[in-house]
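Enquirer: Please construct the entire structure, taking both the sequences and the accompanying hints into account.
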Amino acid sequence: MGKATIIPFGPQHPVLPEPLHLDLVVEDEKVIEAIPQIGFVHRGLEKLVETRDYNQFIYVAERICGICAFGHSYGYAETVERLMGVEVPERGQYLRVIWHELSRIHSHILWLGLAADAFGYESLFMHCWRLRERVLDIFEKTTGGRVIFSVVKVGGVVRDIDAAQLAEIIRVLEGIKSDYRQLMDAFLKDSSVMNRTVGVGYLSFEDATNLSMVGPFARASNVAYDVRSLGIGAYGTLSDFQPIVDTQGDCYARMKVRALEVLQSIDIIEEMIARIPAGDISVPVKGNPAEGAEAACVVEQPRGECYYYARGNGSKNLERMRMRTPTSQNLAGMVKALEGCDLADVNMIILTIDPCISCTER
Amino acid sequence: MGFATEFTTLALQELPELSNQRKADGWRFVQLLAVNTDMGIDLIYSFMKDGLLVNSEIKGVTKDQVVPSITNNFLAAFVFENEVHDLFGVNIEGIAIDFGGNFYALAQKEPMTVISPEQKAAREKARKIAEAKAAKEKASKEGATPEQGKPQAVTSAHTADDDLEAKLAGMDPEKAAKVRAAMATKAKKEAARDGEGA
Numbered sequence: 156m157g158k159a160t161i162i163p164f165g166p167q168h169p170v171l172p173e174p175l176h177l178d179l180v181v182e183d184e185k186v187i188e189a190i191p192q193i194g195f196v197h198r199g200l201e202k203l204v205e206t207r208d209y210n211q212f213i214y215v216a217e218r219i220c221g222i223c224a225f226g227h228s229y230g231y232a233e234t235v236e237r238l239m240g241v242e243v244p245e246r247g248q249y250l251r252v253i254w255h256e257l258s259r260i261h262s263h264i265l266w267l268g269l270a271a272d273a274f275g276y277e278s279l280f281m282h283c284w285r286l287r288e289r290v291l292d293i294f295e296k297t298t299g300g301r302v303i304f305s306v307v308k309v310g311g312v313v314r315d316i317d318a319a320q321l322a323e324i325i326r327v328l329e330g331i332k333s334d335y336r337q338l339m340d341a342f343l344k345d346s347s348v349m350n351r352t353v354g355v356g357y358l359s360f361e362d363a364t365n366l367s368m369v370g371p372f373a374r375a376s377n378v379a380y381d382v383r384s385l386g387i388g389a390y391g392t393l394s395d396f397q398p399i400v401d402t403q404g405d406c407y408a409r410m411k412v413r414a415l416e417v418l419q420s421i422d423i424i425e426e427m428i429a430r431i432p433a434g435d436i437s438v439p440v441k442g443n444p445a446e447g448a449e450a451a452c453v454v455e456q457p458r459g460e461c462y463y464y465a466r467g468n469g470s471k472n473l474e475r476m477r478m479r480t481p482t483s484q485n486l487a488g489m490v491k492a493l494e495g496c497d498l499a500d501v502n503m504i505i506l507t508i509d510p511c512i513s514c515t516e517r
Numbered sequence: 027m028g029f030a031t032e033f034t035t036l037a038l039q040e041l042p043e044l045s046n047q048r049k050a051d052g053w054r055f056v057q058l059l060a061v062n063t064d065m066g067i068d069l070i071y072s073f074m075k076d077g078l079l080v081n082s083e084i085k086g087v088t089k090d091q092v093v094p095s096i097t098n099n100f101l102a103a104f105v106f107e108n109e110v111h112d113l114f115g116v117n118i119e120g121i122a123i124d125f126g127g128n129f130y131a132l133a134q135k136e137p138m139t140v141i142s143p144e145q146k147a148a149r150e151k152a153r154k155i156a157e158a159k160a161a162k163e164k165a166s167k168e169g170a171t172p173e174q175g176k177p178q179a180v181t182s183a184h185t186a187d188d189d190l191e192a193k194l195a196g197m198d199p200e201k202a203a204k205v206r207a208a209m210a211t212k213a214k215k216e217a218a219r220d221g222e223g224a
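In order, the protein sequences belong to chains L and G. Each number in the working numbering comes from the position in the first sequence (counting from 1) with 155 added on. Each number in the working numbering comes from the position in the second sequence (counting from 1) with 26 added on.
These are calculated hints, taken from the structure and not from any lab test. Among the hints, a few may not be true.
To give a feel for the contact side, a few chain G residues facing chain L, derived at Cβ under 10 Å [as the list claims (entries may be wrong)]:
no., residue
1, Gly28
2, Thr31
3, Lys49
4, Arg54
5, Phe55
6, Leu59
7, Ala60
8, Met65
9, Leu79
10, Val93
11, Asn108
12, Met138
13, Arg149
14, Arg153
15, Ala156
For glycine and all other residues, C-beta sits at the position ideal for the given N, C-alpha and C.
Expert: Below, the structure written as structure tokens:
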């Protein structure tokens, strides 16, 4: 056994565009401990509720993250609606789920591309991102934006999707589905991919539950928890929803869970479109959140459960707004998964957690 | 499975027991957050089980109080405990991975405890509106008595002042200061004119 050495990893690293720093304590080529450090891009967005009213803050919430932008506006609006006792019309709820699941598809395909890039499969990376563009095109046609949509408001959504556009979404998703299955085969059956991922960064079911982990990271360790199964909003109308889980707990399992969730999201969108009711897309919201009123809500973001909390003070500004993102919850699991791994696998393990430090620091 | 949320209050000394109990009963730690209030820092610990999200609230923690860490039961809490320490200055003891105040690279110490003019104005406005509402209710109750003329007139004058104050409190502080100055000048002019007239 060699002498223990500390190797710094990040915050700028070719494989990880997120500003995450790790002190890796290594003996020979084995990592015996990993100490994470974040805090390089803290923006103080939560403090902005003091200067932006509860309607304006939705646009701030959206800018927390460039990938799960819609999810943050959705989670924020859902929490403020609970705070003020607002009931969103059914059509508005369905539209939110459609956009949210489209966001999950583009997030997971983006991540699969990044994973392919990390293990040196450049062409697979390009194919993934080419496919993702078709999802972004749907966003552009239905919302006018490709990253920031600004379609959610407290009380519902600001734009409807007409029948012709809904039919177009189905047609595009069917096309994506057939192309995506070919990509999925490359991820799940190619020996060069499996060599880099099978048995790497293992995390047991016990560790995943003890460390309170969430999202695909937890589900790959057989933790059958997905916020969508709680039936919040239009998710409650789904005929059947079962979280996708795997028992292997390694990088391959985490990749597999995300890969399968893309197909699951397409099925959810198809079901929502088939059953979307006619009617209003929003209700007018008047008044301010009451002083001392509190509400909390959870939303399943592409990376896992995200917690939102709001407290009113009787004025148009909230007293406190809080978002607990999935990455901050999964940092403890990441530290555990890195223990005992080979130094060469560190980037792969970190990537399969799909960390979003910008979300985490806000 | 459905989803429900609960808010409960908790004493600071009950925290270790709650943490042990939640761990033993198989609850999942969801998050820890802090809210800066006039009475101190409110800490809210959230746990979830079978779709029930319970938020346990410790009210008014002061900087001289020591909050025990729950990372012995829930390691995932280390991120939030460090965050609460760095952003709110809460003194948490025994964090499993303790960054000693260097978790976030901040330009300002404990930035979330700084009460901005906007927040101060919002609080003032909410307080004044609540006072005005209470005064109005009181007046309407008293209005039922035989001597209703005089008290009602006084109350309505008070309400108009309160409404104006509430409006000013909600404004940008600089703009509010200008409006106040203009009103003071106007009042002086009126007083001078009344003096000349007399």
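Enquirer: Does each hint hold? Answer for all of them.
Expert: Verification of the hints:
1. Gly28: Because about 6 Å separates Gly28 of chain G from the closest Cβ in chain L, which is inside the 10 Å limit, the hint holds.
2. Thr31: Since the shortest Cβ distance to chain L is 5 Å, the answer is holds.
3. Lys49: It holds, given that the least Cβ distance between Lys49 of chain G and chain L is near 9 Å, below 10 Å.
4. Arg54: Holds: closest Cβ of chain L sits about 5 Å from Arg54 of chain G, inside 10 Å.
5. Phe55: holds, 4 Å
6. Leu59: Leu59 of chain G check passes; min Cβ-Cβ to chain L is 5 Å, inside 10 Å.
7. Ala60: Cβ of Ala60 of chain G sits 9 Å from chain L, so the hint holds.
8. Met65: violated, 12 Å
9. Leu79: With Cβ-Cβ at 6 Å, under 10 Å, it holds.
10. Val93: Because about 18 Å separates Val93 of chain G from the closest Cβ in chain L, which is outside the 10 Å limit, the hint is violated.
11. Asn108: Nearest chain L Cβ about 9 Å off; hint holds.
12. Met138: Nearest chain L Cβ about 6 Å off; hint holds.
13. Arg149: Arg149 of chain G check passes; min Cβ-Cβ to chain L is 6 Å, inside 10 Å.
14. Arg153: Where the cut-off is 10 Å and the nearest Cβ of chain L is about 8 Å from Arg153 of chain G, the hint holds.
15. Ala156: holds, 7 Å
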